[in-house]
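One line per chain: the protein sequences are A and B, in this order. So the first sequence is numbered by the numbering used here: it starts at 1429 and just counts up by one. So the second sequence is numbered by the numbering used here: it starts at 1429 and just counts up by one.
Careful: at least some of the hints might be erroneous.
Given that identical chains are not distinguished, each listed pair holds provided it fits within a single copy or across any two copies.
In silico BS3-like links for lysine-lysine, alpha-carbon gap of 27 angstroms or less [unchecked claim]:
hint	residue 1	residue 2
1	Lys1487	Lys1672
2	Lys1472	Lys1638
3	Lys1472	Lys1538
4	Lys1638	Lys1672
5	Lys1692	Lys1769
6	Lys1558	Lys1570
7	Lys1619	Lys1472
8	Lys1649	Lys1472
If you're looking for bench data, these hints aren't it; they were derived computationally from the structure.
Number of protein chains: 2
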Amino acid sequence: IESKDDANILDLLNDYHHADIAEILEETDINNATYVIKLLDSEKTSEVLMELDEDTREKILDTLSAKEIAEEIGELDTDDAVDMISELSDDRQLLVINHIEDQEHAQHIKDLLRYDDNIAGSLMAKELVKVNENWTVTRCVKEMRAQAEEVTRVHSIYVVDDNQKLIGRLSLKDLLIASPRAHISEVYIPKVDYVYDSEDVEEVANIMQKYDLEAIPVVDKNHILLGRITIDDIVDVIREEAEKDYQLAAGITRDVEADDSIWKLTIARLPWLLIGMFGGLGAASIINSFSGAMGDYIILLSFVPLIQATAGNVGVQSSAIVVQGLANNTMDSNLFRQLFKEFTLGLVNGLAIALIALCVTHFAFGTPYKVSITIGLALIAVIVMAALIGTFIPIILDKRGIDPAVATGPFITTSNDVFGILIYFVIAKAMLGF
Amino acid sequence: IESKDDANILDLLNDYHHADIAEILEETDINNATYVIKLLDSEKTSEVLMELDEDTREKILDTLSAKEIAEEIGELDTDDAVDMISELSDDRQLLVINHIEDQEHAQHIKDLLRYDDNIAGSLMAKELVKVNENWTVTRCVKEMRAQAEEVTRVHSIYVVDDNQKLIGRLSLKDLLIASPRAHISEVYIPKVDYVYDSEDVEEVANIMQKYDLEAIPVVDKNHILLGRITIDDIVDVIREEAEKDYQLAAGITRDVEADDSIWKLTIARLPWLLIGMFGGLGAASIINSFSGAMGDYIILLSFVPLIQATAGNVGVQSSAIVVQGLANNTMDSNLFRQLFKEFTLGLVNGLAIALIALCVTHFAFGTPYKVSITIGLALIAVIVMAALIGTFIPIILDKRGIDPAVATGPFITTSNDVFGILIYFVIAKAMLGF
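Construct all of the structure, not just a fragment, from the sequences and the given hints.
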């Protein structure tokens, strides 16, 4: 179909939602995708471009001129426009902005480009419906109609005073009911949630979720209304945050996907493997220093993997619970109470595991009972230790303002491996007296 | 403050948002919380109850009579009402429903209670604004005002035919602009996204995210409009899904939180520790069967933790990437291409790790070069194997309709541990000839 029958292609694609077109384009090769993009009218193109994944979008943008990109960006809401433009090089960003026809739109984009990625300002769109407290309902409806043309979805109407300070909000419902001659100052709701442009995006996500908001106005430190953040941007923040935590727990530095290049994937994964490797080498030297004197008890070495696997698993479990508890605020804020709980939990799990391991090694493997008891005791000690370390480290990191998610995964596994093996041999030495 | 000065407490709490009141109540003891709940008027109480965490809510509901609960539920939207009522025992559910004064509301709740937890119907609210295609714009505005009283937030106006079949939607914006005498059939938008009540909730979340929807109508198999799902419920689905995956990766069966009881936490964690334990015992018997013939090469045992840690880390990394890729649809759907990529990636990472380990063991530990080379080769083989297993298993599980997230965490770590140690000794035997 891709061979030049333009009218047909357009006919075919016109019925599709832009998210679906984006999906189709990702499957085809870049030349065809660019061809189709140039064919579509620019309102549709801009929407399709926004839905493409970053890699494909980058490739297509490379083939377009600054003027063509400026046309697409002119069609987008400011928040989406900024997302797209920020992927270009600095020089090209300037070129594209200079080509945008609507001066106000260009200025808004320049304003938004200044914000860092992780603060509220970066998620904000300049498009919103705002009314002055001194207007009448009739004037308000008229102005709103004009403003609503530019705004994809009206959530709330924000009320400002003469200095553009945010003083309240107005719901469409209230406006439907109010008398046409009333002044806005008589009907608006003075209670309005808002965030500052410098607020952390995760905090914004928490606020919007807690109060079930679908849009929230953004103000500067003088309470001047700057823009608004909508729930769809927050959904992305929540998802990205969850993915980041998940990847850290799995030992992958953030921001890679299954279809990234081998080089990018190596950079994300190798550092964690190195941590694990040095941990393994540390464990090797511990084993070496004990095994010389071990004599008949060389069988102890066979159970090193058991100790290690248990220590690693318990550590990851404890730290994951703490990391999630910290993220959700569902955790007891008292460090000692939390540690005591993990201690008890470790003791319960440890006793269960130790008992089973003791029976299996003694009766199935024929290990001498003294060695089996040593293994059991070591398992209890190691599980309790791993649970405590797994709880302690993320809480401490969080108190120091470091993302506790880095403490999960290979980092906690490795330190627990090494400590666990050390504890095992110390207990064995004491019990068996070698 | 909690000692009987009712007027003061009410004054104090009236200024707070219900989410904040819920947070305060969770901190105080149950008796005080119940006391405060009974003090507040029922509109506010019902909102506060919805925001409480499940455990606290359950305890408070236990102290209320069926009639009191019915009053609270009468104030809630149907979707929230169903969430709350479904936590009660079956007998109590009936009692409470019989006490609800508004018969229609009670019938809606009964309808919604029939849906399973994981299908679209369970997230649906019956409250929505719908208009008939044959109405005029004037009549429509009048009817909407009456309907809007009941609906917390109007997202879209749904258009139905005389048989209550969903045929399109109407935006508030269009309605503001339309001539008062026009018929709805002339101004409505016939293209409308919808889901069936039997659709999987994750699929609903995907559709709403893909098309950036803030509400979606739900229809039955005959396209009769049943209700709508709003984005705030979907945000919860996304967050829960992410948490579930994260906990599975960490070896915790779903649905526990840091403040749960020790017994609940043990149930969630012990099974995974048992998997790890049996893996460890398996590894022990492999080591036993080789170590007898090992003679001078007993030093090989020291490096078992190194092999094991590396195999575990690589396996978790690979499986996490695949699990996320499957969830996001960002992954190459061709199994062999994906496996080949992981193979190459494993080779690159393996060579790097092996080279470092070879140098460290030979020069720093003084291991004979033959043993160091054995360790290096084993590391490469183990990394490649772990990467392939970590990729293969989740893809296979996904193809068979099993949630691939179960394959991450202890499950993959344990199988890679055991295979890794086996490969290590097989290579060592071949290289060193014992």
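Structure-based check of each hint:
1. Lys1487 with Lys1672: Only inside one copy: lysine 1487 and lysine 1672 sit 25 angstroms apart there, 35 angstroms across copies, limit 27 angstroms.
2. Lys1472 with Lys1638: Result: close only across copies, 16 angstroms inter versus 35 angstroms intra.
3. Lys1472 with Lys1538: Within. Shortest intra-copy distance 24 angstroms satisfies the 27 angstroms Cα cut-off; inter-copy 44 angstroms does not.
4. Lys1638 with Lys1672: Classified as both; 22 angstroms inside a copy, 20 angstroms across copies.
5. Lys1692 with Lys1769: Intra 41 angstroms, inter 12 angstroms, cutoff 27 angstroms: inter-copy only.
6. Lys1558 with Lys1570: So lysine 1558 and lysine 1570 pass the 27 angstroms test inside a copy (12 angstroms) and across (26 angstroms) alike.
7. Lys1619 with Lys1472: Cα proximity of lysine 1619 and lysine 1472: across copies only (16 angstroms, versus 38 angstroms in one copy).
8. Lys1649 with Lys1472: neither (37 angstroms within a copy, 32 angstroms between copies)
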